[in-house]
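Kindly generate the complete structure, drawing on both the sequences and the hints.
There are 2 protein chains.
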Amino acid sequence: MDHLRHADPRHADPRDAEPVEAQPVSCGELTAADVGRAVALNGWVHRRRDHGGLIFIDVRDRSGLTQVTFDPSNAAVFALAETLRSEDVICVRGEVRRRPAGTENAKLPTGDVEVPAGALDVLNRSETPPFVIAADEEPSEDVRLRWRYLDLRRPRMQRNLTMRHRIVKAIRDYFDEHGFLEIETPTLIKSTPEGARDYLVPSRVHRGNFYALPQSPQILKQILMIGGLGRYMQIARCFRDEDPRADRQPEFTQVDVEMTFVSQDDVMRTMEGAVRYVWEHVLDVAVPHPLPRLSYAEAMCDYGSDKPDLRFDVKFADVDDLFRGGAFGLFAGLAESDANRIVALRYPGGASLSRRDFDALSELAKQFGAKGLAYVAFAPDGVKGSIARFVDEALAARLRERTSAGDGDALLFVGDARATANDVAGRLRLEIGDRLNLRDPHAYAFCWVSGFPLFEKDPETGEITFSHHPFTSPEPGQEALFDSDPLAITARHYDLVLNGYELGSGSIRNHTPQFQEKVFKRLGLSDEQIEDRFGFFMEALRYGAPPHGGMALGIDRIVMIACGETSIRDVIAFPKNQMARDLMMDAPSSVPEKALDELGLRIVVPTAGTEKN
Amino acid sequence: MDHLRHADPRHADPRDAEPVEAQPVSCGELTAADVGRAVALNGWVHRRRDHGGLIFIDVRDRSGLTQVTFDPSNAAVFALAETLRSEDVICVRGEVRRRPAGTENAKLPTGDVEVPAGALDVLNRSETPPFVIAADEEPSEDVRLRWRYLDLRRPRMQRNLTMRHRIVKAIRDYFDEHGFLEIETPTLIKSTPEGARDYLVPSRVHRGNFYALPQSPQILKQILMIGGLGRYMQIARCFRDEDPRADRQPEFTQVDVEMTFVSQDDVMRTMEGAVRYVWEHVLDVAVPHPLPRLSYAEAMCDYGSDKPDLRFDVKFADVDDLFRGGAFGLFAGLAESDANRIVALRYPGGASLSRRDFDALSELAKQFGAKGLAYVAFAPDGVKGSIARFVDEALAARLRERTSAGDGDALLFVGDARATANDVAGRLRLEIGDRLNLRDPHAYAFCWVSGFPLFEKDPETGEITFSHHPFTSPEPGQEALFDSDPLAITARHYDLVLNGYELGSGSIRNHTPQFQEKVFKRLGLSDEQIEDRFGFFMEALRYGAPPHGGMALGIDRIVMIACGETSIRDVIAFPKNQMARDLMMDAPSSVPEKALDELGLRIVVPTAGTEKN
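Chains as they are written, first to last, in UniProt numbering: chain A, 1 to 613; chain B, 1 to 613.
No lab work stands behind these hints: they were computed from the structure. Given the structure is predicted, the values throughout are model-derived calculations rather than measurements. Some clues are possibly wrong.
When chains are identical, the list treats them as one kind, so a pair holds in a single copy or across two.
[Stated by the list, open to error] Think about it this way: if two alpha-carbon atoms lie no more than 35 Å apart in a straight line, the pair counts; the simulated DSBU-like pairs of lysine-lysine are:
hint, residue 1, residue 2
1, 521, 384
2, 307, 169
3, 371, 594
4, 315, 371
5, 384, 457
6, 366, 384
7, 521, 371
8, 594, 521
9, 307, 521
10, 457, 518
11, 169, 384
12, 521, 457
13, 384, 315
14, 315, 457
15, 594, 518
16, 594, 384
17, 107, 521
18, 457, 594
Written out as structure tokens, the structure reads:
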């Protein structure tokens with residue numbers, strides 16, 4: 001933390017004009033090697049302890065803590081020190097000395113030394129903060145967000161923001177080394193809805209008209225490729241006016257990449273190189289080379305999810321055939337139709353679970369949307385469990401063979417409509433992982449998933465819609481399916497998955513206007529709608545658009561996982577809360593009538609009914 | 001341009017599944033050393049010439065051009081080549097060979113070689129573009145912005161965006177090496193007007209309320225310092241809803257820096273280090289160490305401007321005393337009051353100018369706001385010029401002494417109210433520099449200007465307002481002036497100037513709530529206004545705010561100067577035009593009624609009257 005050395009405090013505190021020989025140092029750097037040095041420490045009063053007639057103060061800055069001692073023999077300084085309270089800002093000068101034998105603090109990098117205060121300046125006072133920075137327990141998130149500047153002083157937040165800086169810096173270094181240009185795309189753009197709602201920005205100069213904030217730079221980065229820039233990247237702020245939800249932010253950050261004249265494989269290799277670079281350079285963790293690849297079909301078959309957590313190797317086993325025509329009527333019935341699926345999930349060591357444990361798992365399965373949960377356990381004294389009476393020796397043997405279940409393991413069975421079975425069994429799988437501590441936050445299991453369908457059916461309207469976005473191109477040779485069986489078309493689309501989270505996705509794009517129009521029309525857009533929303537983009541495709549593809553990865557999520565956090569709010573300096581509100585600034589807020597007049601707008605919904613928080 | 005090597009074209013063009021040994025190369029990399037290599041070139045048809053029965057095509061990508069030749073003996077390929085037109089996108093395979101002796105192109109890095117096309121794929125066709133990319137002359141700016149993706153293909157724009165990438169990368173490297181964390185501050189914040197108008201973003205979730213887009217991260221970076229982050233930097237997008245003007249963009253980018261426990265000098269040294277790093281590493285141009293420093297008073301005295309162009313050493317000379325009580329009544333009168341100033345400006349070699357030249361300069365001075373322009377020329381045959389009859393030998397000698405004017409030089413005199421005299425003489429000074437070619441776009445004269453007044457009088461209202469922003473602190477020891485003579489208070493504020501442009505400014509901030517409140521009140525804000533606009537910030541100052549200061553530099557302007565451009569629009573990928581409109585996307589634009597309904601807003605100004613462009 002050499003760079004945190006503070007500048008000369010003589011300048012910082014103009015009241016003190018006398019020449020001082022003390023060297024400014026950061027609060028985290030002093031060790032036994034510094035004994036005898038005259039130093040100046042600037043920082044916050046982290047902890048104060050009065051003991052044996054002395055005052056001990058831990059002075060804190062971003063780099064760490066140093067213990068400062070005040071002795072009554074230095075009367076004026078001691079008197080001033082007696083007035084110090086938590087979070088006061090001070091400058092202390094003194095000569096570094098060894099702590100008395102036996103009082104060293106091995107947990108602190110500076111724990112061998114202390115600085116007896118020869119001089120003390122109080123640079124600013126603090127009122128009593130709403131929570132204690134030095135405390136181990138964490139205040140509620142509302143309190144943390146309301147006084148974010150105090151929350152940011154906590155070592156955990158400083159570590160997270162430092163990690164975020166290092167990760168983003170590494171990403172930029174990597175792409176720079178690989179010939180990518182970081183190009184800034186505008187934040188005030190045209191509204192071209194891509195799925196979620198746009199945030200709108202009224203124009204004062206062109207009243208009655210609006211800019212939109214970009215949901216992503218998707219079209220603009222494609223236009224950069226059409227503009228011949230070859231290799232683009234940007235750490236880009238994106239905006240989506242979606243309904244509030246737990247881990248959703250109105251604005252978020254992605255590393256946005258696009259390349260010309262590339263295959264899906266080229267983009268994947270480039271992007272996994274970036275991730276590998278970050279993990280190896282910043283986290284000092286090796287990552288497999290190349291990363292494992294799964295097809296969408298494999299992922300759904302083995303894990304019931306297109307973002308499988310591969311930190312543990314429990315896989316689904318299909319057992320429809322084993323129950324078909326069998327004694328267990330429910331499963332026998334389900335097994336008759338291909339629209340259903342019966343999944344067996346091995347619970348390693350699950351035979352030792354109690355009836356109550358299984359009941360709890362069953363309850364959970366119901367919360368996940370299942371009608372119930374069947375299970376068997378291969379206990380020392382034979383097959384037990386809710387459907388044990390339907391599992392004879394032969395079936396037990398076949399189940400064990402199919403699932404690799406051994407003595408002492410249990411099997412959970414989820415039988416349901418295919419999508420439900422996948423979802424419920426997938427979530428139960430993660431539950432098993434959690435219970436067996438197989439989801440180590442410091443283990444990192446990356447994988448690629450590709451081979452997604454290009455289109456899907458909107459569950460509400462039944463209409464055909466895009467799975468990802470309308471710019472994704474299909475694998476070649478499927479043109480005929482556009483009319484005959486659009487849902488069977490495979491996209492040149494790929495997701496990067498880490499520990500069960502989707503880090504981001506990308507695709508090879510449609511680069512001919514003819515094909516792009518075909519897709520828009522297949523999605524039900526009229527000529528007029530295409531022209532109105534995408535006219536400029538369709539025109540760009542007509543002037544020599546090169547083949548291109550790219551990807552975007554969510555920075556907030558990458559940093560969250562790298563920091564071992566579970567909320568992206570903990571890796572964002574000033575996040576909004578779950579209601580899209582900034583509790584510190586109190587935004588959004590009302591604005592003067594005059595501002596709306598200038599925009600030519602009137603509020604037609606009274607503000608009175610607006611909920612706070 | 002090694003990194004521009006294209007990925008394997010086999011993947012890029014799925015129609016071609018046969019194994020190909022050709023190595024993908026960029027269009028700018030081939031030299032005589034590559035003769036004999038089988039290569040694949042992907043790019044655009046830049047120029048086509050049919051000559052001697054052959055077809056010559058320059059294939060272009062970001063890295064440059066390579067000449068490809070088509071021979072009728074390869075009939076199928078030749079036939080396809082005959083269909084090629086400008087901006088078609090092609091992939092050509094062939095074996096690199098030397099150009100026939102005498103046909104080399106020394107201007108082109110690849111000019112020693114060519115690639116005879118063994119195979120040709122047309123990856124996409126282009127309609128006839130609205131202007132020729134390969135042309136030397138530039139289309140109008142409206143055309144360039146309307147088809148920006150074509151404009152971006154021009155080498156000049158590609159060079160500018162590459163330069164921008166390299167400069168911004170170097171800035172980040174520098175601050176990273178110096179222990180700064182890049183921390184992202186939010187784009188959706190609370191409206192706290194700092195001078196210009198905020199862009200507002202209506203909230204759908206909290207109807208009737210608005211976010212604002214930040215004019216700068218000023219308050220948030222100060223809050224990061226209060227949050228103990230120590231050293232912050234960000235390449236930050238800023239937004240100002242100002243009235244359209246020639247070189248103004250609704251959104252712009254700045255490198256935003258803040259540090260704790262620092263003096264003005266510390267910040268200046270840090271920032272000039274960044275600029276030096278960029279100029280030395282990216283432009284390969286040495287920069288003086290340290291940079292020259294001027295006081296505001298010196299700058300105004302010598303150059304009539306707080307952003308002097310120091311590429312040439314013409315300085316103002318004050319000659320009030322020489323004219324006081326003299327024969328030239330106008331100047332004699334002006335010289336009686338300290339509110340006026342009479343500036344003499346040496347025009348090196350100006351004695352050779354014609355009467356018409358001086359008339360033109362005089363006209364210019366009037367355009368700049370002067371009532372007229374007086375001048376004398378020290379011609380071989382004596383003193384000439386508009387006020388020569390008032391300049392006797394003694395006065396001539398004293399003028400020459402005062403201004404260092406020699407034989408053959410002329411002197412321009414601007415006498416007026418001080419501010420007008422400074423402005424007009426300052427602009428005439430730049431005119432002299434332009435006429436004498438003293439303002440070399442490849443010369444870089446940096447300087448610091450500091451010692452600005454903290455407050456100034458609003459020219460319209462006569463009220464006291466801040467010169468920079470309300471967070472700037474005064475030099476210590478001037479508290480008494482707050483009531484007696486606020487305009488005499490000097491700020492701890494500093495501007496970095498390059499070639500007559502202000503690159504940016506910074507200051508040491510008010511860090512105690514008491515002092516910040518004093519400033520707000522001196523600016524005429526009521527308790528209620530302070531609480532409403534800055535309540536959260538005032539509260540933050542009460543919880544142990546450290547002394548801190550920082551700066552922001554305009555990236556667009558830095559890159560513009562480094563690229564030798566004169567408009568920031570030429571260093572921005574997708575700029576708005578002078579009416580804040582994006583001509584390519586056609587933004588801002590109308591939005592569906594439904595979107596406004598959801599926001600609880602109604603347009604009360606008809607959109608019909610909105611001007612386009």
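Verification of the supplied hints:
no.	hint	verdict
1	521 / 384	neither (56 Å within a copy, 79 Å between copies)
2	307 / 169	both (27 Å within a copy, 34 Å between copies)
3	371 / 594	neither (57 Å within a copy, 39 Å between copies)
4	315 / 371	within (21 Å within a copy, 88 Å between copies)
5	384 / 457	neither (41 Å within a copy, 88 Å between copies)
6	366 / 384	within (21 Å within a copy, 102 Å between copies)
7	521 / 371	neither (40 Å within a copy, 67 Å between copies)
8	594 / 521	between (44 Å within a copy, 23 Å between copies)
9	307 / 521	within (30 Å within a copy, 57 Å between copies)
10	457 / 518	within (18 Å within a copy, 63 Å between copies)
11	169 / 384	neither (55 Å within a copy, 64 Å between copies)
12	521 / 457	within (15 Å within a copy, 62 Å between copies)
13	384 / 315	within (22 Å within a copy, 99 Å between copies)
14	315 / 457	within (27 Å within a copy, 74 Å between copies)
15	594 / 518	between (47 Å within a copy, 28 Å between copies)
16	594 / 384	neither (74 Å within a copy, 59 Å between copies)
17	107 / 521	neither (65 Å within a copy, 48 Å between copies)
18	457 / 594	between (47 Å within a copy, 24 Å between copies)
Of the numbered hints listed earlier, those contradicted by the structure are 1, 3, 5, 7, 11, 16 and 17.
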